[in-house]
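Peer 1: Sequence:
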Amino acid sequence: MNTFRPIILGLACAALVGCEDHTSSHAAPQPVLAIPASLAQYQPGAEVTGEVKARVQSELSFRTGGRVRERRVDVGSLVRAGEVLMRIDDTEQRADVDSARAGLRSAQATVKQKALAFERYKTLLKSRAIAQSTYDGAREALTTAQGSLEVAQASLETALDALSHTELKADADGVITSRSVEAGQVVSAAQPALTLARDGPRDASFDVFEAFFLPGRPTREVEVAPVGDRARTARGNIREVSPVIDTDTGTIRVKVALPQEAQWSLGTSVVGEFHS
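To convert, take the position in the sequence shown, counting from 1, and add 1050; that gives our numbering.
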């Protein structure tokens, strides 16, 4: 009888331990925020560095060849339309002008002389003092002299025009962005001498990798900001996409029209964010 008492007491203790509340050992429930899933179109983007450029740029060149005698501007110079920027030696052109003027004076004197002779023969013909053939000859001589006068006038205009070509003038208000020739250099006609960025609207010019255009044309809007001040973001529109791919870099030139409030200085480095 005494042998079973310890066994009974052990079983009773085990039963009491099994009845203990174990809920206190579990962690407290945590709040969960559930967001429903939805389909959205993925828009790949590209961030490209570019430069602010004038929308219209002019390659200025002389219309005649010669040695550059004077250079009056440099890169960064502000110029006005009609302002003389460079001159080439005009010794030959001035000599041509002087010769043309002398020829014009001679032609004018000849016309005056032939006109007086014609009027005199006209009077003599009325009094039958000369033959009709003599009168006709005087009239023909006057006509020939008048034709020579017109040629002399045209020659002078041509010489003056050639003289004006020895001056390189700005064709619009703007700023000089590049220079290709220097004083003392011999240039040929139509050889680029200066690049003029005209005042007016400006573009942000970017070289974008060709692969970005393969999925499709990017959106028209591009976010543009100066590299040094990313907070000054402006929204521009793609104005031009070059059809030519740069084979060396695999990029395409893209021009973005900047809004009026983002007419940053020429040459400003900018960042453009493109989306397709």
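Calculated directly from the structure, the hints in this document are not laboratory data. Quick caveat: nothing in here was measured; it's all calculated off a predicted structure. Accuracy of the hints is not assured; some may be wrong.
To be verified - Simulated crosslink set (DSSO-like; lysine-lysine; CA at most 27 Å straight-line):
#1 Lys-1162 with Lys-1172
#2 Lys-1103 with Lys-1219
#3 Lys-1176 with Lys-1162
#4 Lys-1103 with Lys-1305
As the list claims (entries may be wrong) - With beta-carbon atoms standing in for the labels, derived distance ranges:
#5 Ser-1292 with His-1325: 15 to 21 Å
#6 Ser-1230 with Glu-1260: 29 to 35 Å
#7 Ala-1159 with Arg-1119: 50 to 56 Å
#8 Glu-1190 with Asp-1249: 38 to 44 Å
Each residue gets a CB set at the ideal place from its N, CA and C atoms; glycine is no exception.
Peer 1: Of all the hints numbered above, which does this structure not satisfy? Sort the numbers upward.
Peer 2: 7, 8
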